Amino acid sequence: MKDLRDSKDSRDSRDLSNYRRIIAIALKDLRSMLKERTFVSVILLLVFVASFASVLTFGLLVLYNPTYLNILFENELKVGVAGDAPVLQSFFDGKHYFSIEDALYDFYSGKIDVVLWLPKENLTSGANYVKVFLPRDEVKSVQASIVIKKKLLEYQDCLRKVRKMPVGGDLRIYTADYERLEIPEGVSMVFKFIYVVLIPLMMITTAVIASGLFIDLITEERETGTIDLLIAACKKEEIISGKILASILLPVILTPIWLLLLIMNGVEIHNFFAVLSISYSFSFFMISISALIVTFFKDRERSQLVFSLVTVGLMPILFIHPFMPSPLITRLSAGSEFGAELTPLYFIISLILLYSSKKVVKI
Amino acid sequence: MMMSLEIQKLSASMTGILKISAIELKKSRKKYSKVSFLAIILISLISISLLYFAVSSGIKSDSYLYEVSGVQIDDYRFVTVEKNPDIYVTAYRNGYKAIVTGSDKSLAAADELRKIIRQNHEIELYQKFGTEAFPVFVKAEFLEREVKLQHLNNSRFSIPQIERKASEIQSIESGVSKSDKSYRNDKSDNPAKIISESLKGSFDLPIKQKSGYTTPSDFNPQSLLGKMFLAFFFIIPSYFTIQLFSASFLEDKTLRRLDVLLSTPLKPVEIYLGKMLPYLAFSVFLILSTSLILNESLLALLFILPFILFAFSLQTYIVLLSRSYKEMTFLIMVSSFIITAYLFIPAIFSGTIPVSKISPITNMLSLFETGRFDLNGYILSTSQFYILFAILSFTSLKTMNPEVMHSSAGIERKILASLQRWIKRPVDCLLASILAIPFVFIVEFMLISVIFSMPPQYSIPVFILAISLVEELFKTSIVYSAYKNSGKIILSSFLTALGFFVGEKILTVIEIGRNYMNFLLAGYLLLPLVLHVISLLVFALLVERKGYCFAFGFAVVVHFIYDYGILLILGGAGL
Chain A
204 MKDLRDSKDS
214 RDSRDLSNYR
224 RIIAIALKDL
234 RSMLKERTFV
244 SVILLLVFVA
254 SFASVLTFGL
264 LVLYNPTYLN
274 ILFENELKVG
284 VAGDAPVLQS
294 FFDGKHYFSI
304 EDALYDFYSG
314 KIDVVLWLPK
324 ENLTSGANYV
334 KVFLPRDEVK
344 SVQASIVIKK
354 KLLEYQDCLR
364 KVRKMPVGGD
374 LRIYTADYER
384 LEIPEGVSMV
394 FKFIYVVLIP
404 LMMITTAVIA
414 SGLFIDLITE
424 ERETGTIDLL
434 IAACKKEEII
444 SGKILASILL
454 PVILTPIWLL
464 LLIMNGVEIH
474 NFFAVLSISY
484 SFSFFMISIS
494 ALIVTFFKDR
504 ERSQLVFSLV
514 TVGLMPILFI
524 HPFMPSPLIT
534 RLSAGSEFGA
544 ELTPLYFIIS
554 LILLYSSKKV
564 VKI
Chain B
142 MMMSLEIQKL
152 SASMTGILKI
162 SAIELKKSRK
172 KYSKVSFLAI
182 ILISLISISL
192 LYFAVSSGIK
202 SDSYLYEVSG
212 VQIDDYRFVT
222 VEKNPDIYVT
232 AYRNGYKAIV
242 TGSDKSLAAA
252 DELRKIIRQN
262 HEIELYQKFG
272 TEAFPVFVKA
282 EFLEREVKLQ
292 HLNNSRFSIP
302 QIERKASEIQ
312 SIESGVSKSD
322 KSYRNDKSDN
332 PAKIISESLK
342 GSFDLPIKQK
352 SGYTTPSDFN
362 PQSLLGKMFL
372 AFFFIIPSYF
382 TIQLFSASFL
392 EDKTLRRLDV
402 LLSTPLKPVE
412 IYLGKMLPYL
422 AFSVFLILST
432 SLILNESLLA
442 LLFILPFILF
452 AFSLQTYIVL
462 LSRSYKEMTF
472 LIMVSSFIIT
482 AYLFIPAIFS
492 GTIPVSKISP
502 ITNMLSLFET
512 GRFDLNGYIL
522 STSQFYILFA
532 ILSFTSLKTM
542 NPEVMHSSAG
552 IERKILASLQ
562 RWIKRPVDCL
572 LASILAIPFV
582 FIVEFMLISV
592 IFSMPPQYSI
602 PVFILAISLV
612 EELFKTSIVY
622 SAYKNSGKII
632 LSSFLTALGF
642 FVGEKILTVI
652 EIGRNYMNFL
662 LAGYLLLPLV
672 LHVISLLVFA
682 LLVERKGYCF
692 AFGFAVVVHF
702 IYDYGILLIL
712 GGAGL
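Here the protein sequences come in this chain order: A and B. According to this note's numbering, the first sequence is numbered sequentially starting from 204. According to this note's numbering, the second sequence is numbered sequentially starting from 142.
Don't read these hints as lab results, they were simulated from the structure. Because the structure is a prediction, the values reported are computed rather than measured. Don't take every hint at face value.
What the hints assert, rightly or not - Below 30 Å or equal to it, Euclidean Cα-Cα: the simulated BS3-like pairs (lysine-lysine) are: (1) Lys562(A) <-> Lys172(B); (2) Lys238(A) <-> Lys539(B); (3) Lys160(B) <-> Lys171(B); (4) Lys323(A) <-> Lys280(B); (5) Lys280(B) <-> Lys256(B); (6) Lys353(A) <-> Lys343(A); (7) Lys280(B) <-> Lys314(A); (8) Lys501(A) <-> Lys168(B); (9) Lys323(A) <-> Lys352(A); (10) Lys354(A) <-> Lys269(B); (11) Lys256(B) <-> Lys354(A); (12) Lys175(B) <-> Lys501(A); (13) Lys160(B) <-> Lys501(A); (14) Lys394(B) <-> Lys238(A); (15) Lys439(A) <-> Lys172(B); (16) Lys561(A) <-> Lys438(A); (17) Lys343(A) <-> Lys256(B); (18) Lys367(A) <-> Lys256(B); (19) Lys408(B) <-> Lys168(B); (20) Lys280(B) <-> Lys352(A); (21) Lys168(B) <-> Lys565(A); (22) Lys687(B) <-> Lys238(A); (23) Lys646(B) <-> Lys343(A).
Can you build the whole structure from these sequences, using the hints too?
Next up, the structure:
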């Protein structure tokens with residue numbers, strides 16, 4: 204009985220020293236990352252990813268939905284309509300020209316910003332082909348395109364009425380108090396940018412950083428020969444576990460940071476812990492893939508190349524099915540519960556993969 | 142005699158470069174055994190197939206995002222729920238009514254639903270009335286007209302320009318007569334085809350620009366965004382090659398193979414170019430192959446190559462400065478992201494603002510679109526990358542020294558050490574500060590892009606502070622390097638200020654640079670020179686007694702106060 208107790212005690216103390224060694228290896232790597240200010244680079248990268256994504260969305264909004272940003276200068280835009288098109292002309296306050304030549308002269312003189320040309324208007328039947336002359340490489344051109352699009356849509360509705368076609372396609376929006384609400388075009392674009400683009404992008408970037416780090420941690424020890432020193436002091440499995448621990452600590456720390464930064468910027472994050480769990484699961488999954496790669500390709504050059512190739516192929520797949528991590532994190536963070544039951548399943552699978560990768564990696 | 146000596150030297154250098162390239166290829170051949178090469182090819186093919194599969198299946202990341210009750214919406218983005226919907230929908234005579242909760246998500250759901258309802262109505266009309274349901278088609282034509290910029294937003298057309306245009310208008314008139322014929326021909330565009338395209342593509346992002354007539358709902362501003370994806374196919378494959386180059390270079394540095402090579406009679410430039418050559422050749426092959434596969438002009442190489450050269454030189458510099466694999470990976474990740482963003486951000490605004498022409502991507506896509514090669518646009522957009530490649534390569538060659546590249550000092554100290562290797566005399570400051578302008582331009586351009594998405598009340602002071610930090614960082618690094626070598630700080634400061642001023646004035650020669658400099662308040666005669674001299678003199682006075690960081694901080698404060706003060710004065714004067 205005493206022997207049994209002694210053997211249990213010695214097993215416990217062995218386990219404890221194993222864990223200590225694993226933690227010591229992880230801390231060694233984290234300390235060097237702090238010294239080299241790798242965390243600063245990582246935060247910078249995340250900020251730039253977010254900023255670039257927002258610039259892209261802002262650009263798309265400016266170009267395609269300026270009404271949303273209130274930068275539509277309809278009154279400042281001077282439009283000329285050329286040709287025999289009285290109904291079309293009635294939609295624009297601008298000057299009327301009988302000949303396209305006169306209209307173009309005024310366009311080049313800067314008296315008007317845009318010319319619409321419809322030689323002969325067909326009211327009751329047939330198509331009206333409107334040619335629009337716009338200035339190249341001027342912001343006015345964007346403004347003009349938006350105004351013209353709006354007016355031509357009204358013109359189209361008017362001609363449909365003349366041709367006795369049914370009116371429809373209307374959506375009246377009301378508040379909960381049944382008050383009429385006008386919402387600008389493009390609201391969904393901003394919303395989707397945050398939840399469909401930005402949040403998955405942050406999740407993916409965090410996972411790629413953690414996996415890239417794991418490859419570097421293993422290959423650097425291997426290529427500089429320091430692995431032999433570590434092997435002299437610890438078991439191989441402890442070294443790998445330490446490296447995995449250092450790599451998973453990065454997303455464990457980074458994910459709540461970027462989520463909190465989003466919340467501080469006024470973005471509502473629903474299901475905080477489920478979102479955290481999906482992001483962790485994806486990072487763990489990517490670390491497992493990088494472990495597999497580093498085992499087969501040994502050196503940094505080939506491992507990082509293969510990891511990049513795998514990432515390029517894998518990323519779009521994340522977006523194509525509703526139950527993939529990307530749509531799931533989008534819905535959960537936006538407050539839709541569809542598919543939420545998959546969250547714990549993903550987390551368990553990623554932990555199993557991570558545990559298996561500990562067994563797979565060879566150093 | 143002299144000539145033949147030069148030729149002999151050149152041929153010896155070429156032999157040296159080719160020798161290093163041969164060693165590099167041999168090293169790669171050893172590393173990439175048949176099995177690993179086949180494995181990488183297989184992984185690449187699987188990745189490409191997955192990418193193709195994903196793109197052809199359609200990206201549906203917003204599936205079941207909006208919760209709706211009332212009417213069932215037949216769309217993948219909406220899911221019907223019984224409790225707490227984002228939007229409650231009922232039908233009425235002319236369409237639908239929706240009650241929203243007021244949250245951002247419910248408003249977005251209403252916005253999406255509005256588009257779906259309009260789309261369905263158009264389809265119904267088309268099914269009932271055929272092409273008659275679409276009485277209007279529209280086509281845009283973009284004409285170049287010169288705009289004389291007087292102030293930031295105040296554009297005027299000059300009288301001489303109109304007079305000059307009079308003769309051009311004559312030719313346009315005849316062009317219009319011709320286009321009258323084409324107008325009639327255009328009408329033969331099949332309306333049914335235009336409509337079916339419009340109805341099919343209404344849910345796509347508005348990034349496709351049709352060359353012919355479209356329905357009014359498909360009419361969008363001029364943009365090359367639709368072709369932007371093409372540009373990624375030209376750039377991304379080369380990134381893999383650059384990644385291989387930097388990994389191999391880092392391995393050589395870490396395992397001290399580079400030290401061995403540097404101890405041979407081979408010059409650092411021969412080692413650098415020899416190591417780069419195989420990867421660069423492969424990049425060129427990839428770009429040309431992409432052109433052939435996508436059936437686009439082979440001239441694309443001319444637009445992509447300068448950027449690729451710049452990326453090669455930047456990664457070389459980072460490899461030489463990094464202390465570990467981790468440090469290199471993250472620095473390369475950040476820098477690659479920034480330079481790629483710099484390449485693509487201006488192209489987003491192509492066709493709308495002149496600054497878009499600063500990107501070679503805009504010019505390349507314009508070449509694809511129009512088939513015309515704009516030499517001015519080419520020089521304007523690519524010269525910055527050639528200059529950056531030259532400066533970074535030169536600095537890297539100076540850094541290829543065991544003392545600097547194996548030092549355990551922090552990255553900022555190593556950058557200063559690399560600058561000290563070539564900024565030795567006060568007169569070097571003049572050249573270095575002129576050459577710093579393209580770097581400053583890129584960093585400030587990216588800062589504008591990042592800061593302009595902030596709320597306006599913060600963006601201006603934050604932007605001025607960021608500008609002060611960046612400009613003082615570059616200027617003080619140059620002064621400090623010369624000071625450490627020569628001890629002449631006042632003269633170094635003055636020459637750096639002068640060089641920076643000259644660089645800014647050179648930038649104003651080109652129109653885009655002029656707009657940019659106006660924006661940065663640097664276009665006002667000699668005022669910027671006064672600023673540069675004052676801030677650097679403050680730095681010079683403090684650096685000896687208080688150290689670099691304190692002196693730099695003070696110079697930033699002086700720069701910020703000066704810029705903000707000028708802005709307030711100009712604002713007060715209504716300029």
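Structure versus earlier hints, numbers of those that do not hold, lowest first:
Going through the list in order, the structure violates no hint and respects every one.
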